[in-house]
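S.K.: Given chain D, work out where chain W should sit, using these hints.
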Amino acid sequence: MDLVDLIQEKHFLGQEFLAWLWFKAEERGGNVDVPGMGDILVAFEKHMLLEYGEGEETEKVICRGLQTELREARAGLGLGKKPEQARIRFARGDYEFNVTLTAATLEFRNVKLPKTVEGADEGDDPESMEGRILERIGLFEQLTEIVNELFRMFINIRASKAWPDELLKIRTWAALGLEH
Amino acid sequence: MGLVTGSASFMRFTIEGELPENFWDFVAERVVAHSFVDIDDNMEEYSIGWVSVANMFDSEFAYSSYAAGDYVVLTMRADERKVSPAVLKKFTMKEEERIKQEKQLSKLARSVRLEIKERVRAELVRKSAPVPAVYDLCWNLAEGTLLFFSTSKKAMLQLEELFRETFDLSIILQIPWTTALHLVDEDLVAGLDELRPAILI
Numbered sequence: 001m002d003l004v005d006l007i008q009e010k011h012f013l014g015q016e017f018l019a020w021l022w023f024k025a026e027e028r029g030g031n032v033d034v035p036g037m038g039d040i041l042v043a044f045e046k047h048m049l050l051e052y053g054e055g056e057e058t059e060k061v062i063c064r065g066l067q068t069e070l071r072e073a074r075a076g077l078g079l080g081k082k083p084e085q086a087r088i089r090f091a092r093g094d095y096e097f098n099v100t101l102t103a104a105t106l107e108f109r110n111v112k113l114p115k116t117v118e119g120a121d122e123g124d125d126p127e128s129m130e131g132r133i134l135e136r137i138g139l140f141e142q143l144t145e146i147v148n149e150l151f152r153m154f155i156n157i158r159a160s161k162a163w164p165d166e167l168l169k170i171r172t173w174a175a176l177g178l179e180h
Numbered sequence: 181m182g183l184v185t186g187s188a189s190f191m192r193f194t195i196e197g198e199l200p201e202n203f204w205d206f207v208a209e210r211v212v213a214h215s216f217v218d219i220d221d222n223m224e225e226y227s228i229g230w231v232s233v234a235n236m237f238d239s240e241f242a243y244s245s246y247a248a249g250d251y252v253v254l255t256m257r258a259d260e261r262k263v264s265p266a267v268l269k270k271f272t273m274k275e276e277e278r279i280k281q282e283k284q285l286s287k288l289a290r291s292v293r294l295e296i297k298e299r300v301r302a303e304l305v306r307k308s309a310p311v312p313a314v315y316d317l318c319w320n321l322a323e324g325t326l327l328f329f330s331t332s333k334k335a336m337l338q339l340e341e342l343f344r345e346t347f348d349l350s351i352i353l354q355i356p357w358t359t360a361l362h363l364v365d366e367d368l369v370a371g372l373d374e375l376r377p378a379i380l381i
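Just so you know, the protein sequences line up as chains D and W, in that order.
Residue numbering for the first sequence follows this note's numbering, beginning at 1 and increasing consecutively.
Residue numbering for the second sequence follows this note's numbering, beginning at 181 and increasing consecutively.
Only chain D is shown next, with the shape it has when bound in the complex (with noise of 0.2 Å):
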């Protein structure tokens, strides 16, 4: 199967991702115990765009909300719309990154890193250059890091005898959201 079938045909595993991923960070007030990261801080916030549908029939909503519980976005959820897209905070120990992340590709867009100290020396020369494109890689990849690992949990789930469980844990809550 070529690349684009393959985006098309498995499109629903990054859009479940999302939606884990959500439900993962509601669950304990934020914070999600990634083995071997401790905890990480996951926020949805701002922006999020949910699909319903497939192929020609598919719909998308747009849904934003300032640091609120985006009570639109659950309350799709509960109508059985999927995450295509969401506007994510993450936070591990002082760092705080901002993403959007898609489903179909888990793209990462308009990346936000974290200030750090050493992002204040400008020199021009070749070794400050290096050394803030090195500083700068390290942050990307931490990022991707924790993405990584966070995949690494839903997909074991996803794909293990514990699915039905947390599959009917993410109802409840899905349902939730109509009701509020």
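Bear in mind the hints are in silico, worked out from the structure with no lab data behind them.
The structure displayed is predicted, hence computed values, not measured ones.
We put the CB at the ideal spot given by N, CA and C, even for glycine.
Hints are not guaranteed to be accurate.
Partial pick of chain D residues on the chain W-facing surface, computed with a CB cut under 7 Å [as the list claims (entries may be wrong)]: (1) K10; (2) R109; (3) F151; (4) A174; (5) L176.
M.R.: Below, chain W alone, put in the same frame as chain D:
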């Protein structure tokens, strides 16, 4: 852009293929061989190649600026002379009118109109300044992964081709499915294929 400053958007790729021995010599040779060639002072319509991440006018890579620790960092630059469809339409119609008047014709044959359109396009392309586009990348040699700082499909296709031509290596876009294959526990791999969309309500 995005690797060096500001907010960034990127896609992730996996590199396929073996790295050659004397890797940095290989990179030095190949990157320079496929560096960007400026077309500002000639009539070329399109040019694509590598420049330094620090300076889009640096295609000579002084201080081996493509090397940062165990990473290769590069900017793909593509310059293209473009003509907007509206401009092309306007000048084509103008030229058609001129020829009709000159030859006292009420209509022009389709083949003549196509020839006019192509000629006008070529003239307009020659007159237009090349529009530059730059996209950073960061290649993690230890992991065999690459971050490409764009989400444009066109730029992604350009990258796949330029990367293959430069390094004789393929890059494969990481999507949730391929990431799942890579990250799932060994005893669960076989079951991945059986997964079907879940209903979340």
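S.K.: Run every hint past the structure and note whether it holds.
M.R.: Against the structure, the hints come out as follows:
1. Restraint check, D/K10 versus chain W: the minimum CB separation of about 4 Å is within 7 Å; hint holds.
2. Interface hint status for D/R109: upheld, as the beta-carbon distance to the closest one in chain W is roughly 4 Å, under 7 Å.
3. Annotation: D/F151 was flagged as interfacial toward chain W, and the flag holds, the nearest CB pair being 6 Å apart, inside 7 Å.
4. For D/A174, the interface hint holds, since its Cβ comes within 7 Å of a Cβ in chain W; the closest pair sits about 6 Å apart.
5. About 12 Å separates the beta-carbon of D/L176 from the nearest beta-carbon of chain W, more than 7 Å, and the hint is not met.
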